[in-house]
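Chains as they are written, first to last, in the numbering used here: chain A, 1 to 117; chain B, 1 to 185.
Derived by calculation from the structure, the hints in this document are not laboratory data. A couple of the hints might just be wrong.
Claimed, not checked - Among the chain A residues that face chain B by a calculated CB cut under 10 Å, a handful are:
hint, residue
1, His9
2, Leu11
3, Ile81
4, Leu83
Just so it is clear, the structure is predicted and the values come from calculations on it, not from any experiment. Note that beta-carbon positions come from the ideal geometry of N, C-alpha and C, so glycine has one too.
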Amino acid sequence: MNGMEKFEHELRESFRRVEPPQGLERRILERAGVSRRRGRMPRWMAAAASIAIAGGGLLGVMRWHEQQMRLRQAEQVRQQIALTVEITSRTLARAEGRLRSIGVKQIPVQEASWREY
Amino acid sequence: MARVLILVAALVPLFGQPIDYSLFDKLAEKAKESAVVNLGPEQLTLLAGLQPKEGGKELAELARTLKGIQVRSFEFDAPGLYDPAAVRAFGEKIKAGGAWNALVSVKEKDGFTEILIRKGADGKADGLLILAAEPKELTLVHIDGVGDLAALARLGGLAGIPQLAATGAAKKKEAPRKAPEKQEE
Numbered sequence: 001m002n003g004m005e006k007f008e009h010e011l012r013e014s015f016r017r018v019e020p021p022q023g024l025e026r027r028i029l030e031r032a033g034v035s036r037r038r039g040r041m042p043r044w045m046a047a048a049a050s051i052a053i054a055g056g057g058l059l060g061v062m063r064w065h066e067q068q069m070r071l072r073q074a075e076q077v078r079q080q081i082a083l084t085v086e087i088t089s090r091t092l093a094r095a096e097g098r099l100r101s102i103g104v105k106q107i108p109v110q111e112a113s114w115r116e117y
Numbered sequence: 001m002a003r004v005l006i007l008v009a010a011l012v013p014l015f016g017q018p019i020d021y022s023l024f025d026k027l028a029e030k031a032k033e034s035a036v037v038n039l040g041p042e043q044l045t046l047l048a049g050l051q052p053k054e055g056g057k058e059l060a061e062l063a064r065t066l067k068g069i070q071v072r073s074f075e076f077d078a079p080g081l082y083d084p085a086a087v088r089a090f091g092e093k094i095k096a097g098g099a100w101n102a103l104v105s106v107k108e109k110d111g112f113t114e115i116l117i118r119k120g121a122d123g124k125a126d127g128l129l130i131l132a133a134e135p136k137e138l139t140l141v142h143i144d145g146v147g148d149l150a151a152l153a154r155l156g157g158l159a160g161i162p163q164l165a166a167t168g169a170a171k172k173k174e175a176p177r178k179a180p181e182k183q184e185e
């Protein structure tokens with residue numbers, strides 16, 4: 001066998017199909033499957049997380065909306081109290097004017113106020 | 001003893017009777033201008049939500065003692081659009097209950113003004129009612145839970161509430177004093 005033939009023989013040997021060890025394919029697939037599972041969140045967990053995030057966001061928006069509504073209502077109450085004070089003031093001023101015209105200097109409303117706040 | 005208990009039981013509802021504003025509510029349609037305030041404890045608790053920096057704290061503090069505010073104020077185009085006698089009877093009925101006493105009563109030929117206070121079970125004033133009737137104007141202010149105009153006056157300027165101008169109540173700084181009721185006519 002000359003050098004050329006020897007080279008050809010070695011080349012052929014190198015390209016000769018070698019059967020893989022038994023069970024190699026299964027082992028490779030198993031490993032691939034395990035690693036894929038390790039890297040991914042289970043679907044139910046992902047769904048639960050999505051629901052939790054969406055729920056939290058919705059709750060936040062609802063709370064904000066509720067707070068805004070309460071502030072608006074409080075503002076309406078404040079305006080009504082302002083109106084009450086205005087009307088009370090006007091009415092008392094008239095009554096005071098009438099009393100003055102008959103010689104009474106001041107409505108003794110303070111004398112009703114023996115309650116300190 | 002049993003008779004006394006029955007009498008007391010019969011009188012208790014008179015003291016706790018709520019005021020019926022229907023007489024005034026009917027007049028709203030006839031009025032040229034009207035202002036109606038209906039605030040109950042539920043609405044007043046909302047004041048706790050006001051910002052403290054805007055005077056909301058003081059307002060919320062007062063709101064804790066306030067049980068309700070009712071205002072009916074009407075201005076009419078002409079005299080005779082309401083019955084002053086019915087309004088007077090309304091005031092008399094309230095006084096007849098025994099819980100309310102007239103602090104001021106001003107009577108004129110064409111109208112009257114009455115300031116009534118109610119004493120609570122502890123003897124402290126816990127209600128204020130102002131009734132003013134003029135030929136073309138009618139006003140009812142009922143503040144439940146506070147018998148102290150000075151407390152309202154202190155709110156003047158807070159949270160945009162106007163000053164309570166009349167009667168010197170806004171000027172009140174001295175210690176409150178107890179005095180017998182006065183009736184001036």
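Hints, one by one, checked against the model:
| no. | hint | verdict |
| --- | --- | --- |
| 1 | His9 | 95 Å, violated |
| 2 | Leu11 | 89 Å, violated |
| 3 | Ile81 | 6 Å, holds |
| 4 | Leu83 | 6 Å, holds |
Hints 1, 2, counting from the list given before, are not met by this structure.
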